[in-house]
Structures are given as C-alpha cells and as structure tokens.
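**Q** Put together the whole structure using the sequences plus the hints.
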Amino acid sequence: MLRQIYCLAWVFGVCLLQLQAELPAMRWGVGLFPAAAGLFFYAYFYPNTFPAFRKILSVGLFFGLGFFWAAMFAHWRVADVLPHEWEGRDIELIGVIAELPQIMDRSVRFRFDVEQVLTAEATVPAHILLTWYKMGGKDNAIDTATLPQIHAGERWQLTVRLKRPHGHANPHGYDFEAKAIERNIRAIGYIRKSADNVRLDASVNHPQYLIEQVRQQIRTRFSQNLTDHAYAGIQIALAIGDQQVIPQEQWQIFTRTGTNHLMSISGLHVTMVSGMVFGLIYWLWRRSLRLSYWLPARKMAVAAGVLAALCYALLAGFSVPTRRTFVMLAIIAMALWSDRRVSMPAVLVGALWIVVVFDPWAVISPGFWLSFGAIALITLVTFGRIGKTGAIISWARVQWVITLGLSPLLLVLFQQVSLIAPIANAIAIPLVSLVIVPLTLLAVVPLFDFLLLPAHEILSAGMQLLKWLSESPQAVWQQPVPPLWALIAGMAGIIWLFLPGGSGMGIFSGFPARWLGMVALLPMFIVSPPKPATGELWLTMLDVGQGLAVVVRTEHHTLLYDTGPNYGETDSGARIIVPFLRGEGIRQLDLMLVSHADSDHSGGALSVLAAIPVTSLLSSLNSGHPIQQAARNSQPCHAGDSWQWDDVHFEVLHPHSLAQSDHLAKRKTNETSCVLKITTRHGSVLLPADIEKDTERSLLARASRQLSATVLIAPHHGSKTSSTEAFIRQVNPWLTLFSVGYRNHFGHPNEQVVERYRNLGSRMMRSDRDGAVLLQFKDNGITVASWREMNERYWHDH
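So for the sequence shown, the UniProt record's numbering puts the first residue at 1; every next one is plus one.
Hints in this document: simulated from the structure, not taken from any laboratory. All C-beta atoms, glycine included, are put in the ideal place defined by N, C-alpha and C. Among the clues, some could well be false.
Computed beta-carbon distance windows for the label pairs [stated by the list, open to error]:
(1) M1 to L23: 42 to 48 Å
(2) D694 to G640: 17 to 23 Å
(3) Q248 to V527: 29 to 35 Å
(4) L2 to W515: 31 to 37 Å
**A** In structure tokens:
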C-alpha cells in the first residue's frame, strides 16, 4: 500500500508541473536526489525510528521527484525550438516521414523527423509537422499534377516554411500547443514548390518507421476493398487506430450515444485480442506433453497474450489507452509467470506510474484521465466485494458506474454526457468487440480480405441502431463547465457512492450514508456560471485566427457578432464558438449578426446554426446565401436599426440603406459590413467589421457623434485600407482590439496603423498574442483579461 502511495505522489508531482506557467530552475531539484538517497539509507539502517514522520517525508520527496522528473524532460523538449528569426523563411531539409500521413481534400499532413538541415545557419527542431498542399492551399504550394504519393518511412529532401506551434487560445477550447508538445512536435509548416523536393529513399530501416509502413499498407488495402462503403473509416480505425478517416457526422453519432471509445483501439479491444491469443495458445500448447514439460502451457499462453497485446498496441499507434492496457497486462503477466499474486489496485497504480514516468505529458491528454478513470471505477465496484452476482447484473452495474462515474470528467472536457450510453454500449460493446473487431483484425492478413465485407454489413446494421438512438432529443445532457470546487465535490461523491456495500438491498445499501455521494454530485449539475447584472455588458472577442467572432452578453440576452473563418476540414463555429457557448452555459442566441459574406467572418455560421438555437439573424448577405437559407428568422441590417436589452443599447450605423448596400456589394463586400454600436452606462463598444476608408468617411459625414466609443475592434483587422487618422480620432478608443491570425500572410495589423493607435494613446490587444480578450463593463469599471495570461502554461508560445 505504501508503494502505491509513493507512486501516486510521483504522479501528482508530474501533474503539478504541467500546470506551471514557467518551468522551474533545475537547481532547485538537485537537492532532492541526495535527500532521497539519504532517506533511503536512513530507512534501511534505522527502520523503526520515527516511522510516521519518515513516511510523510517520503511522500513529499516522491512528490518532488515526480515534479522535477517532469521538469527535466520539459526543459529538454522546450529547448528544441524554432528560432523566431527562422519563421516564415525557406529552409531545405532532409528527413523521414515518421507517421501515417493524414490525407485531406486539398492536402496531406505528416510528421517529419529532421535528419539534416541543408540551409546554412538555419536551426530546425528534430520533429516537425508538415502539410503538402494542392494548388491554392498556400502561396507557391505544390499543384495537383505534381503532388506525390507520400508514404511513411520514406526519406525526402524538402523545401519548407515553418513557424512555431501556435494555436487558438479560448475558454473551453482545444489547446493545440499542448497537443504539439505532447506529441513532441516543435514546429509546423508547409512545403514550398521547388525542384529540389525529391524522394531520396523509399524505406528507412528503423522499427518505428517499419511499423508505420505496415499501418499505411493496411489502410491502403482496406480503402481499396471498401471503396464506396460508408463505414470503411470505422474499420480502418478499429484496425490501425487512424481516427482521422471517420467522417464528422459519424463521430457525432458516437458522441451522442457515448460509444466513441469503441471507435478507436481501446483498452477493451487490446485486452480482448490478448485474451483470445492466450486461450488459443493455451489450448494448443497443452495438447503436446513434450512442450508442456518444457514450459507450462499457462506461461507460454501468458507470453503469447502479452506479445499479441504489444503488436496490436503498436499497430494502433501506441496511444495512451493502449499503453495503459499493455502495461497492465504486462504486470499481470509477470506476476503469473513468477507464480505471484497481485491485486488489481496495485496493477492499476503501477501502470499509472510507468506510463507517466516514460511520458510526463500523458497527464494533459483527455484519454489519460478517461482511460485510467474508467478502470479505476471498475476496480472500485468489483475489487474486494463479497458475494457473487449474475453476469447480466454485473454488466449493468459496470455500465451504470462508468456512465455516472465519468460524468464529472466528461462535463469538464466536453460539456456533455450521453444519457443513453448504458443502453447504446450494452448493444455496441458485444457487437464491436466480439464480432466486428475480430473479423476486421483477421482481414489485416491479406489472405482474409474477404472478411471485410461481412464485417461492414454487420457494422452497418449496428450503426443504423446507434443513429436511431442518437436522434432522440434526450440523448445528451449538455451544461456549462462546473466550477473547480463542484468538480472536486462530485469526484468525492462518486467515490463515496460506489464504495463497497454490506448488508441490505439496493444501490444505497451497505456502506453508511452512501446517498451522500449523490448529494455531493448535485452542485455539478445545478450550479450556474456567473452572468452579467442589469445594465452590465460582457464581451468576449474569441481567438479564431484570421477572422472575427465576438460574443456579447447582457443579463438575459446573447448576441454573436460574426462567426470566424472556415478552416477547410472544419470551421471556427464547431471548433471554437460552440464549445465556448456551451462552456459558459449559453443555451441559445437571441441574435446572430453576420456582418458580411467574407468567409473569415461568416465561415462558422452554419455550424453554429446547426448546434445552437438562434432566434434571429441580422446580416448584409444576399437572400440566396446558404446562411440565409438555414436561418429561421432573417432580416437585413441597415442604419437606424436599434434595440434595448437589459438597459444596454444596440444600434446599427451602417449600411445606410438597402440601395446603398446593393451598390456597395457590387464593388466590395467589405463595404457592406454591418457596423454595430453598443452603449452601456459603463462604456461603449464599436464593432465595424471590415469597413474601409470610403465607409469610414461616410460614417464621419453622417454619424460622427455616434462613433465615439470606449472600445474599438479595429476595422478590417488593422489593414492599411482602414483606420484612417480622422476616423480613429473621432472614435478615440481607450482600448483597441485586433482580431488577427498568428503570422498571417496579410501582414495584419499593419505597422503604420498600429502606430496611429499608439500615437492616439489607445491601449492595444491582439488575439494572436493575447488569445481571447474578455471584457466586463461593470459598476466598478471595465475589466480586461487575456486568456493566454489567465491560462498560461510553459509550453505556450510567447
């Protein structure tokens, strides 16, 4: 038990390190290692002296060792960095395609292990992520005719342009920079058009690359055998763990039914394959008396089962859940081989420690917490229980425990929990694990390709059932992210609720007052996030890259001004805006205002309309635009439109008339932008979208007095075609916000424009440096916050 506590202390130390904004100096950790060695020898020679104090000190030392162990790894990893002066410059490299390439509509993306930098004086990290675009993807990108077939394990010479990993920074959003450091990707970029882009070797003889080559061969063969089959991507994912090939609409079904864990190579699948191999080898081995004398059948079967688990885990890409499963199986196998008994809690904690020791960044992966959390819950309700229950009751209990027990984590990570997960999993787990996965894995061997089609037919029937379940309006519980104290109380309540029972009947019998666990869970579901008071205005300019999306909240209403860009495979509505709205507890939009048709302002609108009820749409879009067609209640915007929400005044200042809007639309969509002024008793905001000089002059001529504002979102992202001297002097903003993408190729914001605002004395913030900007207009003044500062981590690019 004490060893398990020490392991947990180590893991908690690693977790603390991953919450730091800056890495600690390693000199502070140097003293821990002599202290740990001294404590070890003291405990060895004087085992009975101050035992309680020694144990407490030991726990603290293991906590510190875990913290500085992770810090040591982090220092090594962050030191491998792309210098700022080499961002955006052509660099010639030689390296190897290190992973299974991800093929998209207009590009192919792959990890590249750099072996040699040919450009003089250039410094490039060892592991980078590259995208090879078709024509139109990037300036001077490779066109369709010359886009080569990319295969894992090939050595290439390439000309690339790189930048540091820099993702969007938003509340409740995806942290790309965290994922990049976890995968050890220290720069990202794209391939430039060059005659020197050549393949040097078709295959590099290294175990890692050979495994990736096998994975790609399997994916290619599956794709050829399942051409035009709707669920081919699922079978590929079940065989090799490539989840990118599953369409988004299918992922939506799995998410709503709580079965998405089955669509990757989960611990359940690895365990099942290991168990099947164990049973087969055991049955065959014991048939031979000579072999059994040489090595007992059980030991041989254990070795074969672990080897099968390792092969399957490697085939899956060795993700955190598969690593966890393999390590647990390996620990159990070693215990069986040596004829020793080992408890399930010891196995779980041992696997936890081993995974974290070799990969300190595993703790920032959602899969880590969900995988270990699920096994911990199963262990809690099965280990040490007295008495036997039937198979059906045991199965139902496990499904109930996982659904309720993981709800705190799911609410924090995804703001939703599937309510029909127990029913869906009761159907999907046997179907996928006992039928579809075995048939699909047998088809990995080319001789058994024919099994893919019957597996697909069975999968199709199962998907139809899951789709029907997912369409239920009550399939998913969605709510805002609970506060930290409610999460801690909820986790404690889960543990209390599922403690071993004693005498009595029912779920709350046995352990005293187990019903208190349900009481501790309640705050997670009933505590509402804070919201503005009457007359207050909360405004969040989201970090959507090169585009604009602003969420405006009053006491009882919410407005979304613009919806950010489309990113190709997805858009800012699905990736950024909807998670933010759900995380903040915003269940509907009273108004969506799409300023104009440019994709960097309207690209996420359809995703928002599909996910969140929108009462009204206000825009300058033409009547045939897809966004207009999707909206329930749509109106054009024009100067003079105004309304009052909770003592906050809203007014549209441009376009001046529909006739003017139609005339401007023939010239440039930017000039049709809906300009919105929001006024409170605490300050005001002007949102001019992408208006340019002509519209600025028009506004100065007819609405000069209305332009003055406390906060201005810079017109057209700070382009040199906007922000004229006369306009910004009339607005005279105390704070100016620039919504721009990191190292965007437009050069926004223009340096001359920035200098104008600086000379005016305006405070400036920009989304590429500050992330989402959060403003609150309240009685005690205007509070301004940067999400990058609020959520700073050592791996974030500064």
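**Q** Each hint needs a verdict: does it hold in this structure or not?
**A** Status of each hint after checking the structure:
Checked against the hint of 42 to 48 Å, the pair M1 and L23 fails, with Cβ atoms roughly 33 Å apart. Checked against the hint of 17 to 23 Å, the pair D694 and G640 passes, with Cβ atoms roughly 20 Å apart. Roughly 32 Å separates the CB atoms of Q248 and V527, a value that falls within the hinted 29 to 35 Å. Between L2 and W515, the C-beta spacing of about 33 Å keeps the proposed range 31 to 37 Å intact.
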